[in-house]
Amino acid sequence: MPGCMPPTSLTSAGSFSRSPGLVAGRDWIAGSRERVTRSAGSAGLVVGVTPYGSMTVVEVTERSVRELTDSRSFERGRAYFDAGQVRRFTIDGRSVTATVDGTSVYRVRLDITANGLKGRCSCPYGQEGVFCKHCVATALAWLDAGGEVGEPRAQPVTDDRLREFLLGQDRTWLVDELLAAARADSVLRARLDVAAGADARTAYDDRALRERLERAIEIADFVEYGAAYSYFHGVDEALDEVAGLVDAGFVDVAAKLAEYALELLEGAAGQVDDSDGGLREAIGRAEEIHLDACAAGDPGPVALAELLVGRALASDYEVFLNAMPDYAPILGPAGMTRYRELVERAWRDLPPKQPHDYSSRRFVVTYLMERLAESTGGADALIEVLAHDVASGYDVLRIAERLCADGRDDEALAWLERGLAEFPPEERLRSLAADCHRRAGRLVEAGELLWANFAVGPSLDGYIALHNAIGEGFPSWRERAIELLRAQPAASARFTPTPYMRPAGHSMLVEVLLWEGDTDAAWQAGVDGGCRDDLWLRLARDRANTHPDDATPILLAAADQAIGHKNRDAYRTAARLLAEAGRLFAQCERADDFQSHLAALRTTHRAKRALREELDRANLP
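Read in order, the letters of the sequence shown correspond to residues 1 to 621 in the UniProt record's numbering.
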């Protein structure tokens, strides 16, 4: 390659020494045309990065590190460094990796680029691209070690070249090397033992990996939100090792360890902030490993069935709740028979269902029964289970939805009519029944059901549903709907400090008319009966092009309401509204009136420094 030289280095990755200066030298990055040159310095590291022949000098000093972050993060990073919390420090070319002991253990990588020092960290802030305190600690450790740039990692030898080399080596040497590797790799050792005649079910000693799972999952103190990402990443790494046993052929051990991991995860559940769903993901991963291990092995079908049902019934976190249908081929006839026996027994033992019975036990048992029924008998079997204990309109809805999904609208409609007759009328039952009638061409029946929904709880969605279902016959329904909406109580005022305490007035009528595109009628509806503040703003902006004088009082009132909230964001909103109003005043040739309003407003709120700043930022008078 033109311009390239053989890779050389004057330092090694592990040669660190406290030194005020750095050793001059030159490193080539393997596999590229980038060159890193290091020069001596008394306060840091000066690196020349040469991408394709163009030299860029990058200086890394304590001062430059300080400039990459805020003062608080820098000082906290320095405290971490001073306390010796930077560990596993490794240099590879112009990159540094380390772990930092913080709230949890975080992984840090620093890279020297043509644009300067870049940092990545596994902590939540680092994940957002922030040069965090852990990056600071690592950078300071690097500078303290002399800021050496190590020899870049060599390109790996290809499999074909390695194979050719090994085929030419002495057998004794190969045996010695393989045994040495096996002493450091328990999976390799177990594979060799099996090849030598050991039983694959017992060849792998899982004690070390059990301890690894315990260290990763068990929690001494509560894991806060900021440390949860790192915690679950560590859990995932431990589960990766368990998954590796499946690929290595030790499926029985992998299944047992996956079960153990599930026990540990449930035990740790109350000790970690799971706002981002990391626990459910970890449980799902362990379940996936267990399924893969069972599919690759030959577990006892009856024992496996008992495990799946027993764990599902005992779990507070839905472990093995979705075992069906994935485990069915693994269980086979004997296992499925036992699985069914256990689930049906639990189902029979449930007390009669009462309205509003939301116990977790009933949910789990019923869900298991539903999954079993559908996976073995299809829709009819599922509907039979659903119809076993109907105690609410929701139970009816689930049956009808399943029937509709199979195109059995007539059967669904029969259930829906029963539900509407036996239980308190429910909007979703009427909506689904209307869909059945509409698909059959019975538009009058569909309209009556949707009208009942709209009359009970007027909404724009309900109005649109009625419009879409009726088609050409909608005008008569529209007249009834508009009359109903006009009869709503009027709102007494607009833009008060507590708008949530004010009646909505004709808000729904305004929304309907705006959806229909009749902005003039919508404005008049708002004037006659009032509406929500957000709708007033929408009306004002729609009307501003033709009637700016109508819009300006609304914008000014909205700005006053925002100022009343007394916080920076509200002041920023007020400034935007006032700027909008100012443009309309100018259109009406009333700029002097706007100037007077702003002068009075500034006088009234002269003590609000943040408001003044936002007004100035918006270039308001």
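Rather than coming from a laboratory, the hints here were simulated on the basis of the structure.
From the three backbone atoms N, C-alpha and C, an ideal C-beta is built for every residue, glycine too.
Careful: at least some of the hints might be erroneous.
Stated by the list, open to error - Taking CB as the label site, the calculated pair distances span:
1. Gly277 to Arg428: 25 to 35 angstroms
2. Asp406 to Arg428: 17 to 27 angstroms
3. Glu401 to Tyr317: 46 to 56 angstroms
4. Ile464 to Arg348: 44 to 54 angstroms
5. Gln271 to Ala184: 31 to 41 angstroms
6. Val302 to Pro355: 34 to 44 angstroms
7. Glu401 to Arg541: 18 to 28 angstroms
8. Glu422 to His547: 32 to 42 angstroms
9. Pro424 to Glu384: 48 to 58 angstroms
Said to hold, decoys possible - Taking lysine to any residue and the SDA-like style, the derived pairs with C-alpha atoms no more than 20 angstroms apart in a straight line are:
10. Lys118 to Arg78
11. Lys608 to Thr573
12. Lys566 to Asp520
13. Lys118 to Asp92
14. Lys256 to Phe222
15. Lys118 to Asp70
16. Lys353 to Met336
17. Lys118 to Thr99
18. Lys353 to Arg338
19. Lys256 to Asp240
20. Lys256 to Thr202
Here is how each hint holds up against the structure:
For the hinted restraint 25 to 35 angstroms between Gly277 and Arg428, the CB-CB distance of approximately 27 angstroms keeps it satisfied. Our hint of 17 to 27 angstroms for Asp406 and Arg428 holds, since their Cβ atoms are close to 19 angstroms apart. For Glu401 and Tyr317, the hinted distance range of 46 to 56 angstroms is not satisfied, since their beta carbons lie about 27 angstroms from each other. Look at Ile464 against Arg348: about 46 angstroms separates their beta carbons, and that is inside 44 to 54 angstroms.
Separation of Gln271 from Ala184 is about 33 angstroms and conforms to the stated range, judged on CB atoms against 31 to 41 angstroms. The hinted range of 34 to 44 angstroms is satisfied by Val302 and Pro355, whose Cβ atoms lie roughly 38 angstroms apart. Checked against the hint of 18 to 28 angstroms, the C-beta distance between Glu401 and Arg541 comes to roughly 41 angstroms, which is inconsistent with it. Checked against the hint of 32 to 42 angstroms, the pair Glu422 and His547 fails, with Cβ atoms roughly 54 angstroms apart.
Checking the proposed 48 to 58 angstroms range against Pro424 and Glu384 shows it is violated: the Cβ atoms sit about 25 angstroms from each other. Distance check on the hinted pair: Lys118 and Arg78 sit about 18 angstroms apart at the alpha-carbon level, within 20 angstroms; holds. Pair hint Lys608 plus Thr573 holds up; C-alpha atoms about 15 angstroms apart against a cutoff of 20 angstroms. Simply put, Lys566 and Asp520 have alpha-carbon atoms about 34 angstroms apart, too far for the 20 angstroms limit, and the pair is violated.
For the suggested pair Lys118 and Asp92, the alpha carbons sit about 15 angstroms apart, so the restraint of at most 20 angstroms is met. Simply put, Lys256 and Phe222 have alpha-carbon atoms about 27 angstroms apart, too far for the 20 angstroms limit, and the pair is violated. For a cut-off of 20 angstroms, the pair hint linking Lys118 to Asp70 stands: about 15 angstroms separates their Cα positions. Annotation: proposed proximity of Lys353 to Met336 is violated, straight-line Cα distance about 27 angstroms (limit 20 angstroms).
With a C-alpha separation of about 16 angstroms, the suggested pair Lys118 and Thr99 falls inside the 20 angstroms cut-off, and the hint holds. This hinted pair does not check out: Lys353 and Arg338 have alpha carbons roughly 26 angstroms apart, beyond 20 angstroms. Among the hinted pairs, Lys256 with Asp240 is consistent with the structure: their alpha-carbon atoms are about 15 angstroms apart, no more than 20 angstroms. Pair hint Lys256 plus Thr202 holds up; C-alpha atoms about 12 angstroms apart against a cutoff of 20 angstroms.
Hint check: violations occur at hints 3, 7, 8, 9, 12, 14, 16 and 18; the rest are consistent with the structure.
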